[in-house]
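Asks: Each chain, letter by letter, is given below.
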Amino acid sequence: MINKAILLVNDCILKRKWLYRYNNSSNVNQLFGVWSSVGFCVKVYIFGWIIHPVIRGLKEKMNKKVTISIVAVLIIVVIVSGAFIYTNNNAGSNKTGSQNLSVIDDEGYTTNFTSVPQRIISLAPSNTQIAFAVGVGNRVVGVTDYDHYPYNFTAWIAAGNLTSVGGFSTPNKETIASLNPDLILATPINDPDVITLRSLGYKVLVLNPNDVNGVFTDINLVGKATGATQNATDLVNSLTSQINAIQAKISAANLPKPTVYYEVWTPPLMSAGTTSFINDVISKAGGINIFENETQQYPTVSSETIVQKNPDVILLPTDMANPGDTPFYGSVNDVKARPGWSSISAVQNNRIIVVDGDLFAEAGPRIADQIAAAAKAFYPSLF
Amino acid sequence: MMTDKVKEKYSKRSKRWKLIVLLLIVTLVAVVILCLNIGFAPISFYDILAILGKQIPFLNHYIGSSSVSSINEAIILQIRLPRILAGAIVGAGLAAAGVMYQGVFRNPMADSYLLGASAGASFAYTLAVIYAGSLALNFFGLGFFQIVAFLGAVLTVFLVYFMSRVGNKVPITTLLLSGIVVNIFILALQTVFELRSGKALIGIVAWIAGGFSNITWTNVYVVFPFVLIGIVIAYFFTKDLNMLSMGDDTAQHLGVNTERVRQILLLISSLITGAVVSISGVIGFVGLIIPHMTRLVIGPDHRILLPTSAIVGAIFLILCDSVARVATGASELPVGVITALAGTPFFIYLLRKRKTSYSL
Amino acid sequence: MVLLSVNGVECRYGSVKILEEVNFTVNEGDFVGIIGPNGSGKTTLLKSISRTLKPYKGTIILDKSDIYSLKSVDLAKQMAIVPQESNIGFSFSALDIVMMGRNPHMKRFQMESDTDLTIVRKAMNRTNTWHLADRPINELSGGEKQRVVIARALAQEPKVLLLDEPLTHLDMINQLEIMDLVKELCVKERLIVLEVIHDLNLAARYCSSILLLKDAKIFAAGPVENVLTSDNIKAVFNVDAIVKKSLVTNSLFVIPLTLQKPSMPRNCAIHLIAGAGTGTVVMKALVDEGYEVTAGVLNMLDTDYETTELLKIPTVSEAPFSPITEQSKKKLSEMIKKSAIIVVTSVPFGYGNLSNLETALEAVKRGTRTYVIDEVPIESRDFTAGKATALMAELKKAGAIFIKHPSELPTLVNATHAKMELLKRQPEIPGHIKDKPKPITQTIDQKETI
Chain F
1 MINKAILLVN DCILKRKWLY RYNNSSNVNQ LFGVWSSVGF CVKVYIFGWI IHPVIRGLKE
61 KMNKKVTISI VAVLIIVVIV SGAFIYTNNN AGSNKTGSQN LSVIDDEGYT TNFTSVPQRI
121 ISLAPSNTQI AFAVGVGNRV VGVTDYDHYP YNFTAWIAAG NLTSVGGFST PNKETIASLN
181 PDLILATPIN DPDVITLRSL GYKVLVLNPN DVNGVFTDIN LVGKATGATQ NATDLVNSLT
241 SQINAIQAKI SAANLPKPTV YYEVWTPPLM SAGTTSFIND VISKAGGINI FENETQQYPT
301 VSSETIVQKN PDVILLPTDM ANPGDTPFYG SVNDVKARPG WSSISAVQNN RIIVVDGDLF
361 AEAGPRIADQ IAAAAKAFYP SLF
Chain A
1 MMTDKVKEKY SKRSKRWKLI VLLLIVTLVA VVILCLNIGF APISFYDILA ILGKQIPFLN
61 HYIGSSSVSS INEAIILQIR LPRILAGAIV GAGLAAAGVM YQGVFRNPMA DSYLLGASAG
121 ASFAYTLAVI YAGSLALNFF GLGFFQIVAF LGAVLTVFLV YFMSRVGNKV PITTLLLSGI
181 VVNIFILALQ TVFELRSGKA LIGIVAWIAG GFSNITWTNV YVVFPFVLIG IVIAYFFTKD
241 LNMLSMGDDT AQHLGVNTER VRQILLLISS LITGAVVSIS GVIGFVGLII PHMTRLVIGP
301 DHRILLPTSA IVGAIFLILC DSVARVATGA SELPVGVITA LAGTPFFIYL LRKRKTSYSL
Chain Y
1 MVLLSVNGVE CRYGSVKILE EVNFTVNEGD FVGIIGPNGS GKTTLLKSIS RTLKPYKGTI
61 ILDKSDIYSL KSVDLAKQMA IVPQESNIGF SFSALDIVMM GRNPHMKRFQ MESDTDLTIV
121 RKAMNRTNTW HLADRPINEL SGGEKQRVVI ARALAQEPKV LLLDEPLTHL DMINQLEIMD
181 LVKELCVKER LIVLEVIHDL NLAARYCSSI LLLKDAKIFA AGPVENVLTS DNIKAVFNVD
241 AIVKKSLVTN SLFVIPLTLQ KPSMPRNCAI HLIAGAGTGT VVMKALVDEG YEVTAGVLNM
301 LDTDYETTEL LKIPTVSEAP FSPITEQSKK KLSEMIKKSA IIVVTSVPFG YGNLSNLETA
361 LEAVKRGTRT YVIDEVPIES RDFTAGKATA LMAELKKAGA IFIKHPSELP TLVNATHAKM
421 ELLKRQPEIP GHIKDKPKPI TQTIDQKETI
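Chains as they are written, first to last, in this note's numbering: chain F, 1 to 383; chain A, 1 to 360; chain Y, 1 to 450.
Heads up, some of the hints might be wrong.
[Said to hold, decoys possible] Among the chain F residues that face chain A by a calculated CB cut under 10 Å, a handful are:
| no. | residue |
| --- | --- |
| 1 | GLY166 |
| 2 | SER178 |
| 3 | THR187 |
| 4 | ASN190 |
| 5 | THR196 |
| 6 | GLY214 |
| 7 | PHE216 |
| 8 | THR275 |
| 9 | GLN296 |
| 10 | GLN297 |
| 11 | PRO380 |
No lab work stands behind these hints: they were computed from the structure.
All figures in this text were calculated on a predicted structure; none of them were measured in a lab.
By construction, the Cβ of each residue, glycine as well, lies at the ideal position given by its N, Cα and C atoms.
When you get a sec, could you build the whole thing from the sequences and use the hints?
Replies: Here is the structure:
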């Protein structure tokens, strides 16, 4: 009987049918995750139940010899593990060799490439967009759960053609490792993970575009790193001309510049300051961000300040996951009804415009589209 | 005859204790190996054994080295193993520190965050992320944030301790109150800075919530001596802890230098807590409940309670982290959630099953 | 010869002196009881000896070394303390608790040896707690817990044993057992024992010497008989008490009387004719009311005579076993003449004290206001073949007022006194008939008329 039980347990442990998932679909993942933990607990209890009489038997016979031998075994184990840990110090070292390419990322870190990266993982939607925009989308093997532009990545992941590495703040290192990437594109949010990944030997570029120039720099950076410099340059030129065209039209019309309030989030009310890309978008689209002098990137603001600054235009983004017509925190009427807001020029002149939250979510190759959308909101007569 | 049975039980006690500790260590090793099986990447048990075996100098030659892919090897050795070991070290450290705090304060609700270690570490980390973010990445690499968090934890505890000093003595209630006040104060500052942190907020909150997703071998090397040496030194004072739990006066009358012992124990446990929080964030429940759980089974004698709590804490945290790793797809649950969910029912079960008398 | 000497110790709390000028020496084998009212510094004294509270001034020498110069451990090897209450939250077994007493003798890393276990077992056997060895301490009763703590103190093998009100939560049998045990240890092992204790009788019975504290100073110190006197008790506790020696236990015991109410002296003399214990309560009550009480004639062995000695009441006394002599009778008459009121209690009358009644009758006939407490009918306490009864009847005829219950006496007496005062101050109203005792039929139910 006991033999059978031991065999059964062995079987479970070795085959480990319940301990890992076979496919990458997230729904199935969750289920397996829960079951695997339960299964594991059950196995542990069975193990304990089997071992228990052994322990009791040992207890009775416990004498000096047995103690000494167990202690000796443990000491050997400790020494051996110590040695093994020590010799493992330099796993994942950088491949040395001819360094033909040196790239400095937005945080000033220099990464050396000895070959053109063929397996790219992106840890943020903006990076995914840049990768696809410079034409290396076919080399992307891993994205986050929040990526859905320019393709429906969620469907790709579900179909098993792409792997998700997790959410914004907790990319799964094992997934990353099992994808064996040779380039990882990260943002400053992932800083702690970047440290770890680099220490594991992966090449990580941290991109942090805060304005149009930053986007261009990053496009060129990615292009350089992936050997797609021509595509990158072309893209930058194309975007530049798009933006220039918009700006030319605006300056030609010589209309007064509207003051603009962009609501990043509520509650609490949060807008965009000098160092955010939204500020740059607004200014390049011919508007004046009422919080353009705020040093914080995304400052919390008060209703009073907004009313006092009396913006001409209010931009409200929609929910990023469910684009529609309403801002993600209520209806336009709700916004108009806020206490004191009836005196704002934008409210009185009905210049409250709902913009696509997903479009405005991050700074990336779509920045030209962002500027276009903003310009349309500011100068409806021109666009 | 009853008296003889009692006498026999008592004199064999130290042997029984050694056996218990030994068995727990064996269980710990087994749990470590078992949990190497858990994770996103499917790696078979044989492969795992092979990978481990390759590292042992003598067994090297008996294992076919080509059968294991280097990716899997990297995953096991660079990602899973350090993470599991870190879980063990952190669990042991938190549980041991919890035992010490509960003994020193004679309060069952004490854990090692009482004097502000967690608040200090979180706050220091927040400040470091906001003001030294990318700088740190480049110049100090791995160690910077850990060092900052560690210093934050330890300095806060020192601050609380010296705030409560009256002449040569530090009355316990004053210490407790100072701890509470400082905790609240720092938390308030923390909130202010969190609101100013912008995009970094997610990262900060995630770190504070606790987790092992970014453990590297360096983390393990650095923290292991703190915890091990701390527990060993604390073991010297377990008899004193026994007597301290009777009351300061009684302990003094039995020859214990209460002030000195308290200082030493608080110092050690704060260092352990600081070290541990610096790599894993603030993981709750372990330091508070594991000592109680162990005490329910094994009794209040600190000479056995300290080592067993440490090992039980290690095992517990490894298991919880393993669940946290795989529970929801590619992203992870915070380990603190799992510790609370898993530990509470088990603790309630123990409470209800409690025996009225302990074996000697 | 081990000595504990306390020299010039003064303890302060801030700037308030809670103990001062304490000097005494204790030898081995001495069982010292520390007694005194609340707040007199008893526990402070113990705390200063046990090093819980450092004295502001003074030294405490144990066996030629200053205890404050010793290390904690060294002191713990010589001195053990049994605190008043032990609130032990953790469920150590009783054996573990007692084993902790061995701590001062063990090195840091030593586990308990067989010797330690033997000593612990001996200590627990002596305190009758070995059968509790396995039980968790927080499940034991107060008495058992206290005995375990004493066992722990014994396990320290101390030379000095300090106990702080160890009997407070114990029932009578436990109290006696513990006192017996401590006394036995003190004598057999030649320990120095200092015990703070509230129960004066137990202190008197077991201690060899007493330290009586008052107002943070030592009021009296020395052997029990010297310190435990009713004078001292009155001075320190402000309680009237009788201190007697019990022939059964061969030790002193203390009988506290009722509390003295402070009262205004009334300048009115009352004479009390009593005996056989009937007069004690009345005496006390009248003294409390502020009257100048005199008594007699009382036989020297009479209980009431003891009371007069205690209350310092001038009394005419008679030698034991003799009837009242003419001399005494004369003294009594003179005394009565000075009294404004006479009270006669329900004392049994025999030929020995019958003359008291005769003297009373004379006084009544003279006009002295007289009250007779008639609680027990005269017939049942007449041992003079009817003579006493007859005298009583005459007393009644002469105008003495008979009361059924002694408790009514003070009120009546006060009323009488008030009237007298009034009459003294007011001049006579012309034409008013002077107060004359009315004949016989007056009873307590009818109102008195002026």
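Asks: State for each hint whether it applies.
Replies: Verification of the supplied hints:
Checking F/GLY166 against chain A by beta carbon gives a least distance of about 4 Å; that is within 10 Å, so the hint holds. A distance limit of 10 Å between C-beta atoms decides the matter here; for F/SER178 the minimum to chain A is near 4 Å, and the interface restraint holds. Interface restraint check for F/THR187: the shortest CB-CB distance to chain A comes to about 8 Å, inside 10 Å, so the restraint holds. Nearest Cβ of chain A to the Cβ of F/ASN190: about 8 Å, under the 10 Å cut. The hint holds.
With its C-beta approaching chain A no nearer than about 4 Å, F/THR196 sits inside the 10 Å limit, and its interface hint holds. At a threshold of 10 Å, the smallest CB-CB gap from F/GLY214 to chain A is about 14 Å, leaving the interface hint violated. Hint on F/PHE216 is violated. Least Cβ distance to chain A is approximately 20 Å, over the 10 Å limit. At a threshold of 10 Å, the smallest CB-CB gap from F/THR275 to chain A is about 9 Å, leaving the interface hint in force.
Evaluation of the F/GLN296 hint against chain A yields a held restraint, the C-beta minimum of about 6 Å falling below 10 Å. A distance limit of 10 Å between C-beta atoms decides the matter here; for F/GLN297 the minimum to chain A is near 5 Å, and the interface restraint holds. A cut of 10 Å between beta carbons decides the hint on F/PRO380: the least distance to chain A is about 32 Å, and the hint is violated.
Figure legend: structure checked against the earlier numbered hints; hints not met, in rising order: 6, 7 and 11.
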